[in-house]
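Enquirer: Sequence:
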Amino acid sequence: MPRSNRPRGRRPRGGSVSEELDVERILLGARHTETRRGTAWTVQPISAANAQKDYVCPGCGRQIPPGIAHVAVWRADGVLGDLADLEGRRHWHTHCWRIA
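Be aware that the sequence shown starts at 84, since it is given in the numbering used here, and climbs by one per residue.
Check the hints yourself; a few may be wrong.
Stated by the list, open to error - Now the in silico label distances, taken between C-beta atoms and shown as ranges:
1) 130 with 86: 28 to 36 angstroms
2) 148 with 183: 19 to 27 angstroms
3) 137 with 115: 23 to 31 angstroms
4) 131 with 164: 26 to 34 angstroms
5) 122 with 166: 16 to 24 angstroms
6) 122 with 177: 17 to 25 angstroms
7) 128 with 170: 15 to 23 angstroms
8) 151 with 120: 25 to 33 angstroms
9) 162 with 131: 27 to 35 angstroms
10) 161 with 89: 44 to 52 angstroms
11) 171 with 146: 13 to 21 angstroms
12) 170 with 130: 16 to 24 angstroms
13) 149 with 120: 26 to 34 angstroms
14) 157 with 137: 17 to 25 angstroms
These aren't lab readings, by the way, just hints derived from the structure by calculation. Ideal placement from N, C-alpha and C gives every residue a C-beta, glycine not left out.
Based on the provided sequences and hints, a complete structural model is requested.
Expert: Here it is as structure tokens:
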């Protein structure tokens, strides 16, 4: 007898809070912290759908046009305070950040 691909159990109709957070994480990317040359950096992936402005990549000096997935990077150590660190964020091509 062939295998059925239909789910056997019933799921609740309303999405749970954890499912909503998972969808948001998939759409926005998973923010994480990386350490480079002794400095902690917060790295936030920006999806192509959420990339709506022009930026200049500090790694290569080229433009990141709207609609191109990339990463936003800022200091995570809070030396100047969280607000100043967030205001100092820069948008990098994903490849440029990986090789920096």
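Enquirer: All hints, please: hold or fail.
Expert: For each hint, the structure was consulted:
Distance hint check: the CB atoms of residue 130 and residue 86 are about 35 angstroms apart, consistent with the given range 28 to 36 angstroms. Distance hint for residue 148 and residue 183: a CB-CB separation of about 20 angstroms, consistent with the stated range 19 to 27 angstroms. Look at residue 137 against residue 115: about 25 angstroms separates their beta carbons, and that is inside 23 to 31 angstroms. Distance hint check for residue 131 and residue 164: the Cβ-Cβ separation is about 32 angstroms, which falls inside the suggested range of 26 to 34 angstroms.
In this structure the supplied range 16 to 24 angstroms holds for residue 122 paired with residue 166, their Cβ-Cβ distance being about 18 angstroms. Our hint of 17 to 25 angstroms for residue 122 and residue 177 holds, since their Cβ atoms are close to 19 angstroms apart. Separation of residue 128 from residue 170 is about 20 angstroms and conforms to the stated range, judged on CB atoms against 15 to 23 angstroms. For residue 151 paired with residue 120, a C-beta distance near 26 angstroms keeps the hint of 25 to 33 angstroms intact.
Our hint of 27 to 35 angstroms for residue 162 and residue 131 holds, since their Cβ atoms are close to 32 angstroms apart. Taken as a hint, the range 44 to 52 angstroms holds for the pair residue 161 and residue 89, whose Cβ atoms sit roughly 51 angstroms apart. Separated by about 20 angstroms at the C-beta atoms, residue 171 and residue 146 satisfy the suggested range of 13 to 21 angstroms. The hinted range of 16 to 24 angstroms is satisfied by residue 170 and residue 130, whose Cβ atoms lie roughly 22 angstroms apart.
Checking the proposed 26 to 34 angstroms range against residue 149 and residue 120 shows it holds: the Cβ atoms sit about 31 angstroms from each other. Our hint of 17 to 25 angstroms for residue 157 and residue 137 holds, since their Cβ atoms are close to 19 angstroms apart.
No hint from the list above goes unmet by this structure.
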